[in-house]
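Asker: Chain by chain, the residues run as shown.
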Amino acid sequence: MTDVLLSIRNLCVDYLTDAGVARAVDDISFDIRAGEVFGLAGESGCGKSTTAFAIARLIRMPGFVSDGEVLFEGEDVLRMDAKRLRAFRWAQTSVVLQSAMNALNPVIRVSEQVCDAIRAHQRVNEDQARSRTRELFALVGIDPGRLDDYPHQFSGGMRQRICIAMALALRPRLIIMDEPTTALDVVVQRDIIGKISALQREFGFSVLFISHDLGLMLEFCDRIGVMYAGRLVEAGTARQVGEQPAHPYTQALLRSFPSLCGPRRRLQGIPGAPPRLTESIAGCAFAPRCEKAESTCLTQTQALASLTEGRVVACARVSRPLVATTQTAEVS
Amino acid sequence: MTSESALLRMENVSLDFKTGTWGRRSVLRALRDVSLSLRLGKALALVGESGSGKSTCARLLSGLHQPTAGDIYWRGAGLGQRKSKETAAYRRSVQMIFQDPFSSLNPALSIGYQIERPLLANGVVDNAADAARQARILLERVGLHPADETAAKRPHELSGGQRQRVAIARALAVKPEVILADEPTSMLDVSVRIGILNLLLDLKQEQGIAFLFITHDLASARYFADDIAVLYGGSLVEQGDSEAITQNPQHPYTRLLLNSIPGAGDNPSTAPAQTDAPMRQPDAKGCPFVHRCPQALAECREVMPALRQLADNHAIRCHLY
Ligand SMILES: Nc1ncnc2c1ncn2[C@@H]1O[C@H](COP(=O)(O)OP(=O)(O)OP(=O)(O)O)[C@@H](O)[C@H]1O
Ligand SMILES: Nc1ncnc2c1ncn2[C@@H]1O[C@H](COP(=O)(O)OP(=O)(O)OP(=O)(O)O)[C@@H](O)[C@H]1O
Ligand code: SF4
Ligand SMILES: [Mg+2]
Ligand SMILES: [Mg+2]
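Residue numbers (our numbering), protein chains in the order written: chain A, 1 to 332; chain B, 333 to 653.
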């Protein structure tokens, strides 16, 4: 495909721990197209943030990328020299970290922090930076009269919104957002996501959107990838994944939603626990918790295979018959 | 809601903060005349817009802020006039889970130590071996398997949702009577969240822990909490039984909130969020929601509506009622 902006190929990320080498991201491949919002979902600890960090090349020891490529318009981010990397970070990507609430410097007024970020990347004078900051505050729904407050004077959700504003300020080609709206109520959340969508249509940037909020993802994302224990187990359009989840993990996840209407009943979640990342897993990582597992699931590697056009899933119980008829091979 | 059964409550509490700089100092009324009570074995969910004052309520109840007006009562006695011995008991009995799991754990200490220390300091166990054992049990209960490995880690070695669960385990460690949980599950995917909510439900029922449960997820509020209170712009605008609030919301803001949930029928019925926190000056009058309310009446601009009882356990602050 020609319009691919970011292509992640066979990415592996390891952490050195006391218990051994933990493989937090295990051979992941996916593409993000220009102007697309790609969502990444999955259980807490499955490697979403690690993937985001690797793409922005923010992994630090004891973590390291042990294999794979992150191609940004064909150029491998993981092999950029310091100068290229700086240009990439400034002009091409911005990141809203999961710790956004805690990412602002506590002893500097937020106005100064946002203005500095703008001025570091764009040739504008102080007044222009300040008026741009006001616009951005208004965009994310924060009273511009509070520009000169310190971070601790804002609520958690307000600090998250300030970080979103900063990421948007730089008009990058790719914005990585790791749980950017965890502290926002639905009304504000929808408003901000709507505004990001509008900007995104106008400027055509791409978004990697990490969230545990599947409802929001189905609405905002074009395509969704689902991770489990460091692996990508399913990917497809938001609609396909939401309406016809193929992987048993995705199916179980979608069944775990507490409901706002209907009878109140106790839900079970997904019994069991994810595997330790320090142990190498022969078969499907989800097999011990999977209600559909058969004996081969525990022993055979499950590679991503095409299900239908643009749709991949890593599960023997789902893909086997279809692969046989369509002859599609493993993707990337 | 009867105040006798309340373990911890706030009565007519207002809190002002100073904001702005030199030339443009101003006072922001973060909470205006808010009363809440937390009862034995019950959970009260606090929902509302970002910046509406939810965390401020929790911080007040845990003694981190002093009210500008009104008072906080622990077992019926005002905290304004407490003696130090009782304050120690109150501090141990009321545990807070902070909103931000990235700043609430000590980065230099192992997870195990951060749970064992309060266990020993509060006399829940009397030796290190028991503390270690108890800490492992708690880590298992919040789903951080294998507990031994988790205990040996430092916070930066954990994901966001894993840190949130450590914070929950730490709050549970000292066997509190009241837990003030500020968005405790906001970074957990649904399947893990259900596990945690089930754990908290069991503690509520079996040990009679009283919860303040701050969340922006109304479905979780309904799943876990007995009552829901809705804050808007520092005022409590609606409160009642969880079912009443989620199935039969009355306040225009509560309705907007419920209508905005993805998939819950589109077209929220009011203007979208604009600049937040209007009318937060201490001398503001009228209903805080008036600027966005599709049904506002003339008097809504002038007079703050009183809290009116709609049913046994359903109260609302709105001139339409
Ligand atoms: N510095 C580190 N050292 C060792 N292990 C780590 C480190 N950072 C993360 N991990 C482990 O790697 C795994 C993946 O972590 P990551 O932060 O990517 O998860 P996540 O999918 O973002 O989860 P969440 O939804 O809870 O934020 C986790 O099991 C975590 O414990
Ligand atoms: N220390 C402080 N100094 C000045 N203003 C403050 C302070 N703490 C909170 N505020 C202000 O009080 C209001 C309420 O903040 P609070 O943190 O209670 O909101 P919240 O409902 O928890 O929001 P969120 O859902 O975004 O976390 C906000 O406008 C905030 O900026
Ligand atoms: S009091 Fe008036 S402005 Fe406020 S919510 Fe009710 S109708 Fe709307
Ligand atoms: Mg994460
Ligand atoms: Mg808060």
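For the record, the hints were derived by calculation from the structure and aren't laboratory data. Please note: incorrect hints may appear among the correct ones.
[Unchecked claim] Which stretches of chain A does chain B cover? Using the computed rule of at least three CB atoms under 8 Å from a CB of chain B, they are:
{"no.": "1", "stretch": "66-80"}
{"no.": "2", "stretch": "113-126"}
{"no.": "3", "stretch": "143-150"}
{"no.": "4", "stretch": "231-239"}
{"no.": "5", "stretch": "250-258"}
{"no.": "6", "stretch": "305-314"}
[As the list claims (entries may be wrong)] A partial selection of chain B residues facing chain A, derived with a Cβ cut-off under 10 Å:
{"no.": "7", "residue": "GLY352"}
{"no.": "8", "residue": "SER358"}
{"no.": "9", "residue": "ASP365"}
{"no.": "10", "residue": "SER367"}
{"no.": "11", "residue": "SER394"}
{"no.": "12", "residue": "GLN398"}
{"no.": "13", "residue": "PRO478"}
{"no.": "14", "residue": "VAL506"}
{"no.": "15", "residue": "GLU538"}
{"no.": "16", "residue": "LEU550"}
{"no.": "17", "residue": "THR578"}
{"no.": "18", "residue": "GLN582"}
{"no.": "19", "residue": "TYR585"}
{"no.": "20", "residue": "LEU589"}
{"no.": "21", "residue": "ARG640"}
Even for Gly, the Cβ is constructed at its ideal location relative to N, Cα and C.
Asker: Take the hints in turn and mark each one as holding or not.
Answerer: Here is what the structure says about each hint:
1. 66-80: As far as the stretch 66-80 of chain A goes, the hint is violated, because 0 residues have Cβ atoms under 8 Å from chain B.
2. 113-126: Coverage by chain B is violated here, the residue count being 0 at a Cβ distance below 8 Å.
3. 143-150: As far as the stretch 143-150 of chain A goes, the hint holds, because 6 residues have Cβ atoms under 8 Å from chain B.
4. 231-239: Our answer is that it is violated, as 0 residues pass the Cβ test (under 8 Å) against chain B, missing three.
5. 250-258: Holds: 5 residues of the stretch 250-258 of chain A have a Cβ under 8 Å from chain B.
6. 305-314: violated (count 0)
7. GLY352: Status holds, d = 6 Å.
8. SER358: holds (8 Å)
9. ASP365: Constraint on B/ASP365 not satisfied, violated at 19 Å.
10. SER367: Where the cut-off is 10 Å and the nearest Cβ of chain A is about 21 Å from B/SER367, the hint is violated.
11. SER394: violated (16 Å)
12. GLN398: Hint violated; B/GLN398 Cβ to chain A Cβ min 17 Å, cut 10 Å.
13. PRO478: holds (6 Å)
14. VAL506: For B/VAL506, the interface hint is violated, since the closest Cβ of chain A sits about 24 Å away, which is over 10 Å.
15. GLU538: violated (14 Å)
16. LEU550: Since the shortest Cβ distance to chain A is 6 Å, the answer is holds.
17. THR578: OK, holds: B/THR578 within 10 Å of chain A, min 6 Å.
18. GLN582: violated (16 Å)
19. TYR585: holds (9 Å)
20. LEU589: Hint on B/LEU589: holds, closest Cβ of chain A at ~6 Å, below 10 Å.
21. ARG640: Constraint on B/ARG640 not satisfied, violated at 24 Å.
The structure does not agree with the numbered hints 1, 2, 4, 6, 9, 10, 11, 12, 14, 15, 18, 21 stated previously, though it agrees with the rest.
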